[in-house]
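Using the sequences and the accompanying hints, generate a full structural model.
Protein sequence lines correspond, in order, to chains W and Y.
Mapping of the first sequence onto the numbering used here: position 51 corresponds to residue 51, and the numbering continues sequentially without gaps.
Mapping of the second sequence onto the numbering used here: position 463 corresponds to residue 463, and the numbering continues sequentially without gaps.
If you're looking for bench data, these hints aren't it; they were derived computationally from the structure.
There's no promise every hint is true.
Mimicking DMTMM-like on lysine to aspartate or glutamate, the simulated pairs with C-alpha atoms at most 25 Å apart in a straight line are [as the list claims (entries may be wrong)]:
#: 1; chain 1: W; residue 1: K66; chain 2: W; residue 2: D53
#: 2; chain 1: Y; residue 1: K648; chain 2: W; residue 2: E122
#: 3; chain 1: Y; residue 1: K406; chain 2: Y; residue 2: D311
#: 4; chain 1: Y; residue 1: K597; chain 2: Y; residue 2: E409
#: 5; chain 1: W; residue 1: K66; chain 2: Y; residue 2: D78
#: 6; chain 1: Y; residue 1: K597; chain 2: Y; residue 2: D510
#: 7; chain 1: W; residue 1: K66; chain 2: Y; residue 2: E111
#: 8; chain 1: Y; residue 1: K648; chain 2: W; residue 2: E148
#: 9; chain 1: Y; residue 1: K277; chain 2: Y; residue 2: E31
Computed footprint of chain Y on chain W; a stretch qualifies when at least three of its residues, placed anywhere within it, have a C-beta under 8 Å from a C-beta of chain Y [to be verified]:
#: 10; region: 73 to 87
#: 11; region: 95 to 109
Being a predicted model, the structure only gives us computed values, none of them experimental.
Note that CB positions come from ideal geometry on N, CA and C, so glycine has one too.
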Amino acid sequence: MISVSVTLNGVPRQFEVSPRDVLADVLREQCGLTGCKVGCDQGVCGACTVLADDRPVAACATFMFKIDGAQITTVEGLASDDTLHRVQAAFLACGAFQCGFCTSGMILSVVALLAEHPDPDEQTIRTWLGGNLCRCTGYGPIVAAVREAALHDALVTV
Amino acid sequence: MHGTRHLRGEPLFGNARERVTGETRYVFDAEVPRMLHGKLLRSPHAHALIRRIDTAPALAIPGVVCVVTGADLAGLADPLYGVALRDQPVIGVDRVRYVGDVVAAVVAVDEHTAFRATQAIVVDYEPLPAVMTMADALAPGAPTLFEGPTPGVAPGVGNMSQSIVDPAPNVPYEYRFGYGDATRALQDAARVFTDTFDISRINHFMLEPYVNVARWTGSRLEMWSCNQDPFVLRADLARIFGLPVTGVRVHTPPVGGGFGGKSYCKMEPLVALMARKARAPVRLALSMDEGLLTLVKHPASLTLTTGVDHDGRLIARQAEVMIDGGAYIDASALVAIKLGYRVGGPYRWQAIASRVRVVRTCTVPSGSFRGFGGTQASWASERQMDMIAQRLGRDPVDFRLANLLKPHEPFAPNERGIDCDFAFELDRLAATMRAPTRDTTRGVGFAIGLKDAGGTGNHAQALVRITQSGDVVVSAAAVDVGQNAPAALCRLATDEIGLPLAAASYASIDTDHSPPDNGTHVSCATMVTGLAVQMAARDARAQVLQFAADRLDCSPAELSLEGWNVRRGNTDYPLEPMIRRYYGGIGWEFIGRGAFKQPYDADTPLGARNMSWMPCWSAAEVSVDTETGLVTVHRLVVGADAGRALDKAVCLGQIEGAAAQAFGQALFEELRYRGDLPENATPITYRVPRAGDMPSAFEGFVAEHGLGIGPGGLKGIGEAGMLGIAAAIANAIQYASGACMTSMPFTPERVLAALDAHSATLLDPSK
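Right under this line is the structure:
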């Protein structure tokens, strides 16, 4: 077993893990953070996307031993009480989801996108979202939500 | 009508907040105490006898609880599943029929252990010759996948249809439909055109995997299932395990995408069997690779023979269709029926004669997929419409306009009239797409896909409860698969009662408590279940008024409901204190009951009058790189008729989402076989549309022609966007480049081949 320390949604945590343990399983099974969805389990669909040191990673394909010392943010770490993150608020306002299974990962990808490109053009948005599949929407409302989110401050009271 | 006076513009994103905070609990997230985990071993052979399965090495692995194989089916009341016809064993017995067929199921303490154990199982196969294509399967002397007749019952149809079981080897089902004398009409036609079209195999690729949790308490089975059809599932499980339907309890939380893939019985009986043998609750989540091997949309080959008269009027059509059902029949018989019925499209005919054969091959079973035969029929029909227009030297829009059915005109004899205006929207679309400013190096193509919708003889029941505080609980079995049916049904209920949408919530679906319906498919939730909900809300409202009338010693006719007050004359009486005073204790709920049934009628083509018509107006503007064969779709416009839209954004989401799936199928998406093996059944190699793949201009529209039979004129739109897209793109390709596409997807290789064929025609006028 290996000892891995991370800051998870702002809280220091330590995990004893085996070399084969991946972040998605630890989040879901040990921390109850089921907002992290596992679709393909191969790092392709992006449903399990979380932030590691503000960069999007596929939690299903990220070994725990690789992230010792990292800051991990999941969808549960974005909102607090009645306050939504601007990206969540924009997804809500634009109806940028249907079944919602891709939504957590999609939102975290967009959080990272806006950190890097505060005012992204359409091409940048569509390229950035290439790692997040949505089978329901056809992506139009998601692109609109990114644009909407870019207009607002970080936290929005809803 | 009554309900519409309360209409408000509130958006329908009722329970949406939990979708963006990650709080929605899917079956994927379900956990029960002592829950074990399953993994499956699948066949590497396309067709083989199972001689022996040695599970001992798997059972020796610490943490493995049990292994289920075909031998465990002996105790089942009925080991087979399928829709009407049933040929799929809960787990492989003595034979496997496609690469991916399940031969063993391991239950262990965790998924890792279960997976390792599947790899330790030794199966001794005796390979058999496989039939991988419909041509292989129909060849004289071809090996057959099954011996003996197909179990189950032929689906019922109306007088203009024939439902035939096992007409030929490897053909478990054939459907025939027709009216008029097509042979004679084609003899009399001025011109007759025969063309053949192929459609490819695609997978639903929903992001939430097939996932189920099963738990037995004594002889009672409880399941948390991602299935779209809780009551169909309950009936199947009861039949398979020999239980009364009340011996099975199904919970259906929100589903993470289905598109038809999660309708009808799939893994559920196997998970129940695993849990029974393990004597503990079991969760089985398939991987996405396995999802690709579970169900696909029917590949098909359609030959249409269409006659026109001297004035360019359509006279008659004969359709000879084969659909590849894969290894097991699943819903193939129903898909055959719907395909054969829809093959005429939105046009007026003197005669139609269609024959659809389901062909068995050693490939992934085909079944429900958004469009359900309509996609195949619309693709061929709308593609041929353009090819005929070109040969006649007619404008494809004018040719369609001259032949389209008008509102209220019956689709077929004794069938419901058309409930929208096909020509109006096509005209409008043509005007937009053919604006003089457009780039003339590009081709523009149009199509009107069409299917019947709402189900054949469908029915649903519903309850609407109003608490003493004026809160509303809507209870029905329409599943939230992402289409937001719960909010739509809450809206219909509150519109009827006159309370705000925010006062309503949708009860979680549990077959022990929820009123039944036939499943969440055929775009029926808002219309069919909606009619039941509307009636239940009306009943509850009447009970409220009767209660108040009794208290006020007057007739209910003297009262009106204004929010949560009753008004008599100019006086408002708040209801809550009135109810509290009378009932005391915990108070009271007014429980309204509603039901809807579309009656069977043998004189209609399908055995019951269709409930609604679902058009898909589609237009594409494309360019073709004639050097590489690459097709670029610059603009894609897709619209459907909601009758009345409860929320336009939600309707658009359905239309555009379906169109995106059709767009992928048209251009690149396909589950391919190379020899006996699926070539790209992994999420990396099975390519679905990504954000960057969509056309730069991708626009949806919602028509509201108000002629639906649902509450306030509404009808379903969930499948529409799937229907016309491929034909519109192919039609545009031909105008842009001359390439005549008759099979999908329109890959550069196929387009180049079609361009070569086109050049050859130009060089050799005799062709």
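How the hints compare with the structure:
1. Distance restraint check for W/K66 and W/D53: the Cα-Cα separation of roughly 12 Å lies within the 25 Å cut-off, and the hinted pair is therefore satisfied.
2. Restraint check: the Cα-Cα separation between Y/K648 and W/E122 comes to about 24 Å, which is no more than 25 Å; the hinted pair holds.
3. Distance hint between Y/K406 and Y/D311 is fulfilled; the C-alpha atoms sit about 19 Å from each other, no more than 25 Å.
4. Of the pairs offered as hints, the one joining Y/K597 and Y/E409 holds, with about 23 Å between alpha carbons and a cut-off of 25 Å not exceeded.
5. For the hint pairing W/K66 with Y/D78, the CA-to-CA distance comes to about 50 Å; that exceeds 25 Å, so the pair is violated.
6. With a C-alpha separation of about 22 Å, the suggested pairing of Y/K597 with Y/D510 holds against the 25 Å cut-off.
7. Proximity of W/K66 to Y/E111 is assessed by CA-CA distance (about 22 Å); at most 25 Å being required, the pair is judged to hold.
8. Among the hinted pairs, Y/K648 with W/E148 is consistent with the structure: their alpha-carbon atoms are about 19 Å apart, no more than 25 Å.
9. Taken as a hint, the Y/K277 and Y/E31 pair is honoured in the structure, with Cα atoms around 19 Å apart against an allowance of 25 Å.
10. Counting residues of the region 73 to 87 of chain W whose beta carbon lies closer than 8 Å to any beta carbon of chain Y gives 6, which meets the minimum of three for the stated coverage.
11. Coverage of the region 95 to 109 of chain W by chain Y holds. Counting CB-CB distances below 8 Å, 10 residues qualify, and the rule asks for three or more.
Of the numbered hints given earlier, the model fails hint 5 alone.
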